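**Q** Residue numbers (our numbering), protein chains in the order written: chain A, 148 to 458; chain B, 829 to 1144; chain C, 333 to 705.
Think of the hints as simulated: they come from the structure by calculation, not from any bench. One or more hints might be untrue.
Claimed, not checked - Keeping only pairs whose Cα atoms sit at most 30 angstroms apart, straight-line, the calculated DSS-like set for lysine-lysine is:
#1 C/K436 - C/K681
#2 C/K530 - C/K697
#3 B/K911 - C/K697
#4 C/K634 - B/K911
#5 C/K697 - C/K634
#6 C/K697 - C/K436
Values in this document were obtained by computation on a predicted structure and should not be read as measured data.
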Amino acid sequence: MTYERGLALCLVLEVALFASIGWNFFTAGNAGEIVRASAEIGLLALALTPVIVTGGIDLSVGSLLGLCAVVLGVTWRDAGWPIAVAASAAIVAGVVGGALNALLVARLGIPPLIVTLGTYSLFRGVAEGVTAGVRNYSDFPESFLFLGQGRIGVVPSQLVVLVAAAIAFWLLVHRMAAGRMLRAIGFSPDGARYAGLPVGRRLAGVYLLSGLCAGVASLLYVARLGQAKADAGTGFELMAITAVILGGTSIFGGRGSVGGTLLGLATLAVLQNGLRLADLPAELAGVVTAALLLAALGANRVLQGRTHELH
Amino acid sequence: MSLTTTHRRELSVAAAYGALLVALAVFAPTFYQGANLRDVLVGAAPVLVAAVGMTLVILARQIDISIGSQFAICAVVAGLLAKAGLTMPIAAAGALATGASLGALNGVLVAGFGLPAIVVTLATMVGLRETLRWATEGVWVQDLPPGFQWMGLGQDVGRFAIPGLALVVWALVAWGMRHLAAGRAVYATGSDAEVTRLTGGRPRRVVFAVFVAMGALTGLAALLSAIQFIDVQTGSGVGFELRVIAAVVVGGTSIAGGRGSLVGSLLGVLLLATAGPALTFLGSQAYWDRALQGVIILVAVAADAFGSATRLKARP
Amino acid sequence: MNFIKLGGASGAPPRPPARCAGVWPERSEDPLARLHVVEARSNPAPLAALTLTLALALALVLGAVACRGGAEHGKTIAMMPKNKGNPYFASCRTGAEEAAKELKARLLWDGPTETDPAKQNEVVEAWITRGVDVIAVSVENKEAISTVLRKARARGIKVITWDADTEPDARDYFVNQATPRGIAETLAGHAARLLGGKGEFAVITASLTAANQNEWLRQLRLVLAERYPDMKLVDVRPSDDDRKRAFEETQTLLKVHPEVRVVMAICSPAVPGAAEAVKQSGRTDVHVTGLGLPNDARPYLKDGVLDSAVLWNTRDLGYLTVHAAHALATGALKPGVSSLPAGRLGAVKVEGDQVILGTPFTFTKDNVDEFHF
């Protein structure tokens, strides 16, 4: 029994539980809603997986999402740019934010926890400053809102973006040499350095990717809600990190899987949705999430001992 | 080694703090009214107490992001005990004991079961806060006996005693870290737990103790904060852990453990506690506050990293 | 114990060039990992803890299900506050549950626990999936929620807003306790009375992005320009719904702007925070007013620090909302109706698409003891 199989089993049991106690849980429409609600956090969690595999962390992704949303609003409404250009500007803003993190972590060697703690305040703060906290951008064109509210065939439009990102990250982490390098860096940065791996460049790369995904996620978010405001994405980083850890990635780095992250994301999304449909209070979701997280850590610890691995 | 190399980080924080104070003296001299300085210190006292605990935790190469939720629970416990008619010393002891038990929970999971601290405390942070919210629905603990505010000592004594007590706690722990074997054990565990174990130390016990201490100190911080008012808000302490960690980190304690000092943490607390009101005095608009605080943190940590590649590590 | 190397691995290999900086400066592994790997094989504790945690989680869920309440009879009314951790909404809830019991309706009370703008949308989506008769929302983000509320109406679910409105075509009715303009006028009136028509005052608000407060501020500035041109609003400071923050901001405010004579706190945790700050400062020439719950305001009203607190009967608001929702579901409330019988509130006025609870009410030290919420 590997960890991932255990998690998949847990997910199946969860779905079965909510199918029985929830109203209309087990319907196609509801499945679509679950995907819609978790698409942005899913993107962030996918981007955080390689970051955490390198032994780092990025607490600033939620705030960066907020900043990108504000950039979208400002360039589209105040500067009058066409929506496609404004959307690109939002993505570029995400990359710039990621570059700041990358510079401080990879170039200056400051621990990522502290860098991203600072940028967590900085990005949200700039978003609040630019809008004076007050300004709210809405009335986006239908073509843009389709991204968050439309359907392609029977599936929500976010699913396409999410699937594309999942495939891309899976390739990166599990099939490309860069992925192996990330694992090596996470396992032992000094060892990787002496083995001749371009540690600085790889680290910079994962933080840039994380910023890029925050930018794309901000587009999905604004399209879904129909408004862009400085408080977009509040609390998303904790949910994303929870999904990654639940998926079996070790917080210390060196080990992790994209499939696990997706399973972890699904577990959390199903939990929140199922509890709502079962008329249970929202606080229960938080408590059960905490319990699942601890259980996941415990399971990892047990399985480590079984297979005689150090990690 | 000269003082400047061993205490490099503390000196740079002190320099930054000095620069802020000078800027205030030039551009906003009204900052230096007695009443304002006193209020800043009273407000900083709970953060200082918690920063003392967080310094120990980070020195031991762990972290605790659940102290915000612990803070809220301890404040509510103090309020409920006072409301139930118990005397203030007992209510205070109750708050500290609650904090210590919550810290022990973290300690058992981290030291006993070997789970990573950041994820454990993430889980306890979410779990504790949601449980509190569920139980109270946000309703404040009100109609407390008049002896609750300032522990019945009155405003003037209270506003002097709160920062005074925080400084005493800080001084005691700082002395202990320097002169007691327990203090050295924390540094040793944070530097290299395996070597510590092999040379006769007990790293697991140290880690457990550090989390319990963190919890108890959070309880004290919650008490010092709660007794400034006549009732207890159940949703307090949101974002508290970030303020405390920022102060400790800005003060020079290394997140990798084994390096740092309580002097640095004191300076970090003072710097961040002054920065908030300073921005208002200097005329900055409220909506730029968060951005400026982020810049302060980043500048403080980046400035240090611009040093030479082979810098010597500071003595604890 | 001189051989213990404190302060890090100074015996490590020479540091590599600064360009290739590391992530965690020393090793990245768990400092206690090596202590546990050997034991994990034979130590049953982690497995026991794991099973226990999962069992606990399952027990919690099943327990909550059991306490859910019996089969529904009558209508299902789904009611959402702006967020669940707020005593203001807790008091609305007591009124709502009272009405639901009277009407024998099933009341679902759910909402975001944190201020996440997207969460309200997700809850409404869940209710659409679940299938309810009426949705009643206190709106956090007007534009954001209108899309999903329109979707609910398209599916035949009735929609009502209460406490804070959305776009008019996204809901059937709005249960209004007081218009933003009415609130602004009442607050400005109190400030004008305390300032004698001219002087400086400051506002403590919730968070900078809070939609309700921003609307009230906007109206306040309009009222000031029209009626009280000699009064100046010098600053607006956020409290993030935290009493301590409101306290600290007011303390700073009093020193940065010593000419301020009135502090107006426009969210309920800020009222006691600001009042306590003014009291502790000893500035008897400064008065406090604002929007707050009577329970929070009472001690300061009695003291004299707080001059007045403006609000409405939150319990009645919840009560009326459920009655209106129920009437909407049964068809008793429809266009053209000008009065709605609402249980113990009697006949309540309906103006167009708004159900009016009343005007803002001012709590003073003379009347505050009659209210307990």
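**Q** Of all the hints given earlier, name the ones this structure violates by number, lowest first.
**A** 6
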